[in-house]
Structures are given as C-alpha cells and as structure tokens.
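**Student:** Using the sequences and the hints given, assemble the complete structure.
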Amino acid sequence: MARTFSEQGVGLVMPMIGYFSTVVFCLLLHFLGTFSLLMVLMAKLNPLVFIRKMRSAHIFAFSTASSNATIPVNLQVVEKRLGVNNAIAAFTIPLGATINMDGTAIMQGVATVFIANVYAIDLSLSQYVTVIGMATLTSIGTAGVPGVGLVMLAMVLNQVGLPVEGIGLIMGVDRILDMLRTVVNITGDALVTCIIARGENAFDEKVFNDPEAGVITEIELPHKKTQP
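So the number in this note's numbering is just where the residue sits in the sequence shown, counting from 1, plus 1.
Just so you know, not all the hints are guaranteed correct.
[Unchecked claim] Taking lysine-lysine and the DSSO-like style, the derived pairs with C-alpha atoms no more than 30 Å apart in a straight line are:
(1) K81 with K207
(2) K81 with K45
(3) K207 with K45
[To be verified] Now the in silico label distances, taken between C-beta atoms and shown as ranges:
(4) G19 with E201: 39 to 47 Å
(5) R176 with A88: 33 to 41 Å
(6) P73 with L138: 23 to 31 Å
(7) I100 with P73: 16 to 24 Å
(8) L49 with T23: 23 to 31 Å
(9) R176 with P73: 16 to 24 Å
(10) G134 with F26: 33 to 41 Å
Quick caveat, the hints were computed from the structure, so don't treat them as lab data.
Heads up, the beta-carbon is just placed ideally off N, CA and C, and yes, glycines get one too.
**Tutor:** Encoded structure:
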C-alpha cells in the first residue's frame, strides 16, 4: 500500500473517498431497492418487517465479515423469525453462502473501473461486458471468509489487462466494505429462501408477521444443587 501511494501521490485520497462512497451507495441501492422490490413482487411480503427481523443476522455478519460464519445465525433467523420451513432453509442458506455473493460482485465491478481510472486506462464496451461477467462468476466462486474478494478481484483485473498492483489502492478500506457487503450477501440468501418457501408452501406467514416470534426473552440456566 505504501509503495502504491508513493507512486500515485497523495492526490489519490479524494478518488479513494469517491470509490468508497460509490460502493456503499451501490450496496445500499441493492439492499433497499432490489431486495425490497423482489420481496414485494415475488414473495408478497413486507420488506420493512423482513429487514427488521434480520437485524441479529445483520449484526453478526457485519462484525465477522464472513458469510460462512453467519450460516447458523442466518438459518435460525430464517426459521424462527421469518417462518421458513427447515426443509427449505437448511438447503438454501448454506448454498447461498457459497454461491450467492451479489455484494462481492458489486465491489469487484466498481473496484475494476476505479483502478482503470487511476491508471488512466480506457476500457472498451467489450471489456465492460467482460468485467460484468467475470465479477459475477468470481463472486460465485468466492469463499465466504473475510478478504477473499480481493484475491478474486485479481482474476477480473487480469481478464481486462489492468495491473494487479492496483488492489493495493483499495486494500486499506476494504475491511469496512467487506463487512457491509457481507450483510448484503446474507440478506440475499434469506430473501431467496423466503421466495422459494412461498412457492413451495413451506412458509408460515403468521410467524413472519409476529414481532415476538423467535425472540429469546429469557435464558434458563441450570440450577445448582446446594449441598446440605
């Protein structure tokens, strides 16, 4: 990172802020726009209730930045809080944590264009199409652990002839973006699970509409036997 910034100069700070803001904006647009639209049109459910009930999974995903680590929490939320049958959730949630990485695909697309602009390399229309295709494919093959998105980004950069060293430009802010895109990734898993469950009649709408469903209000601890 020090070598990259020494070569590019301090003036790179402002474009870096622009990159960070663009990724966050795209993630929010996808999270609030695309997910809400799919929830209303395909699942016929209230997106506000869905987002509110996903809160515990969002917090866990944000803190760990790992889709795989969030599987147990996401699975519990989908079953107990949203009302999806275990037969559906137990299949779609682990599968989605492996191949459904839309947040990672968004980051890789924006990062590729940002690095091309920094190095003053013009991308053709065919290269933009390649970036879209490669970002989608590499996101499917990305492991659900922190930081792997940058490794897969190298494949996208190689496909369009961009210097892999450009990854050093975004490495400093990627941890926060990794936490945000993990939230988007696991939300997409839960959304698709709800859509499939509705189509398979394996969804309990009463549980979904109950604000107290699945909430742990008391933790029972085993009582210790007192010695006489």
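**Student:** Against the structure shown, which of the earlier numbered hints fail to hold, in ascending order?
**Tutor:** The structure conflicts with hint 10 only, although it agrees with all the remaining ones.
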